[in-house]
Amino acid sequence: MTMVDPGNQTVAILGYGTAGVNAAIALRRAGFDGVIRVFSDTDILPYSPILTSYYAGGLKTYEECFPWSAEELAELSLEVVANSPVVELDPEAHVVRTAEGEFPYTKCVIATGATPVPVGFPPVEGDEAYKPIVLRTMENAERLKTAIEDPLCKRVLVSGASMVALKTLEACLYHGIECTLVGVNPHVLDMNALPEAAERFEKGLVEKGVTLRLGNRIASVKRIDDADGFQGRKLEVTFANGDVDTFDEISVSHGMKSNIEFVKEGSLEIDRALVVDDFMRTSNPDVYAAGDVAQGTELISGQKRIVGIWKNAALQGACAGRAIAAELAGEEPPADCALEGSIATNTIVVKGTLFISAGTMELSEGRWTEVRESDDMTVVYVFEDAGDGQRRLVGFNITCDHDDEGSVAFDTGAMLVMQIERGLRER
Amino acid sequence: MGFLERSDAYWKFAGQCAQCGHCTKACDSLTEAGMTLGEIAKALIDHDREAKDADDLRMRIAMDGSLTQAVRGCFFCTSCKNTCFAHNDVCDLIYNARVDFQNLGLIPRQDWSSVLVDEEWDIFKAYRAIHGIGYTDLTRHVETEDHEAETDFDVMFFPGCSLAAYGPELTREIFETFEELGVKATMLDSCCGSSLRSAGFFDRAEVLCDRNVEEIIQSGAKQLVCVCPGCANDMGKAVKRAGVEIETISLAKFLLAHGFEPKHPVPTGQLCISKSCQDRDGSYLADTCKLLGVDASVPTIFHGCCGAGGAVSAFQPDRQAQQADSKLSFASDGATVVTMCPTCTYTYAYRLMNAPRDITNKHYTELLFDSQFDWDMVFYQLNSMWYGEYGAWLAEVFA
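Those protein sequence lines, which keep their order, are chains P and U.
So for the first sequence, this note's numbering puts the first residue at 7; every next one is plus one.
So for the second sequence, this note's numbering puts the first residue at 692; every next one is plus one.
Here chain P stands alone, though its shape is the one from the complex:
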């Protein structure tokens, strides 16, 4: 089946998440009145991945995880093709292919997000079909929630020390689960934290009863009976250092891949994801990308990188939408809609222990750290030589023993983000 365009112009948005919704909003606000056809692999409304762990932990209801109501989205007059994963995007033919048929487009935004990949998780002896819990989608969150709400679930192993791993850990802690965290690096938050900040965070985790197995990894997993003889109730884990422990569930958060496998081979420039310019255009002028599938400019390194955070997905989606609307109106994309790049910013709270980071933690030549400790807070600054005896802030970590909203820690974080941005403007 081939869908015939009712009008001359159709924008296809692949993916119905933050980036996709913001692209649609920007298109409509810029006056685009053609067809916006959105392809989704589910039939649920766009949700906030930030809130999935809150849902699993019982801090948010299912309904609260959806930032936009059906009525609000209806105002965008979208044609949503639900439960219809994209099988192929053929940029040359300007066609999106799904199991339901072919859908032509004038311009396309790829905003399909990313999928967790449990890299390195071994097959489970005695239960080859077992897949560890991951956390990304509402479906993932449902599984986690169901698992940790089970009264028989007492102990969970969280593998990985990333932001997502810690969010999983937090959800478990809210259900009174005894948690162990295993990570290959010597500290948690290895991509985001420098040792001094990580150590304070680790101290906070230990105080909450979390067992840390850092510098370690899962070597093998075996399905075993529990002490009461319930068959296959437990998962026996052997760690790389030879230690053995048993758990009721295992969650893995140490791998993520962009969802771009449907892009026709060789049709678009792909590095780790789709390489985009400041208007989110890929190597094909009629295909845009936004969110976790896009490698835009990371401002501190100046390199094309995936900055996989909510705000970036929203901004990139909006940028793509505005640029497309302009082009379809026969104009150049307005300069003020260009997204010159972004910096990574992250905030995480695990039951009261707060961690904020922004910028880079890469300590290359000409960069150094300074640490400021107070009773309740550790701040690690990453500076680089700005020449003329000046220094420039390019990154920071804040770990605080409490997470009071509106506190000095949050204000300091926001202040330092602005200092990084100011430094980049002056660079």
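Treat each hint with caution, since some may be false.
Claimed, not checked - Chain U is faced by these chain P residues, among others (derived, beta-carbon under 10 Å):
{"hint": "1", "residue": "D49"}
{"hint": "2", "residue": "S54"}
{"hint": "3", "residue": "L65"}
{"hint": "4", "residue": "K66"}
{"hint": "5", "residue": "H408"}
{"hint": "6", "residue": "D417"}
{"hint": "7", "residue": "T418"}
FYI, nobody ran anything at the bench for these hints, they're computed from the structure.
Note that CB positions come from ideal geometry on N, CA and C, so glycine has one too.
Mind docking chain U on chain P? Use the hints.
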């Protein structure tokens, strides 16, 4: 759809808010309203969609107590933005909402009639006129009976409304320092328009700032030296809009760069620095600490609004006092509270007059110079002018 002029701003915000709810917990007003920032945007969009006409929209919003609380109860302190995981820009949202509120007649005239700083009379001009506070001798870029207009100044000094009105001696002493440091200076005793913005007159505030920039250009000054971080922010944006090569800097930074030596030692005992909420990136705080010769990690620094921001006092008079109390609670008895913005100094002084505590309240310039604010006199004069020979006139002008 379409009665709200600023709906693009709301849609942008609605798209960017993840609805995590942290902003609500960071702000008393949002807590009272029970709304997130995204919900404010969405409520505006929803009312706009459902309204039959502008009158209907005005009624819908007027009946929405939560939305009114959220929009009018904002200090613009950015505590919510700072707590937001995405650092979504609350000021952009609320300023736009205030403009629409003003256009719809949702902000009563008595809430802003005395702070229309682009009109002939506002509360500061009236206070100065009644009490004989003027600076025509210092505004040297403007021709007067006593001097010709000059156009070759190095610096334009911008004291801001509160300092110029309530601290005339301090203003003059700071001005004289420019000369002592070998810098040719003139002064602009105008306003940055922040009260206009708070009242929802965004465009008028920009026009006022642009007019100020024209004066600065005419003066030939290459530097605009501001005392208040808020003035510097707004005037800095206007300078940028004009595309001229004028550097906007804080007084602290200027004094540091010119090797200024404080005229007093810094007080001993606990020093509490009230970081101005307008000092978004902390650069004014850093320069102020440096100028005072204190390590920024040593004093107690409290963040957030003093209670004067966003004209909240016109909407909820009690919240100004509550906010001031919450900030002053960081200072123990005997401490010196050091402010960066003269309006914060005023607000704390007013609060301490009504609820006395053993706290010394000083603008940082008072620690550097000999002249001091005389708050007892200021509050007496502010109060008495409504009852003296000018009382009837004031009541009429600010009706």
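Taking the hints in turn, this is what the structure says about them:
Interface hint at P/D49: violated, since its Cβ lies 21 Å from the closest Cβ of chain U, which is beyond the 10 Å cut-off. Interface restraint check for P/S54: the shortest CB-CB distance to chain U comes to about 4 Å, inside 10 Å, so the restraint holds. This hint holds: P/L65 has a C-beta 9 Å from the nearest C-beta of chain U, less than the 10 Å allowed. Hint status for P/K66 relative to chain U: holds, with the closest Cβ pair at about 8 Å, below 10 Å.
Contact between P/H408 and chain U, as hinted, is not supported at the beta carbon level, the nearest pair being about 13 Å apart and thus beyond 10 Å. Annotation: P/D417 was flagged as interfacial toward chain U, and the flag holds, the nearest CB pair being 4 Å apart, inside 10 Å. With 10 Å as the threshold, the beta carbon of P/T418 comes within range of chain U, its nearest partner Cβ sitting at about 8 Å, so the hint holds.
Hint check: violations occur at hints 1, 5; the rest are consistent with the structure.
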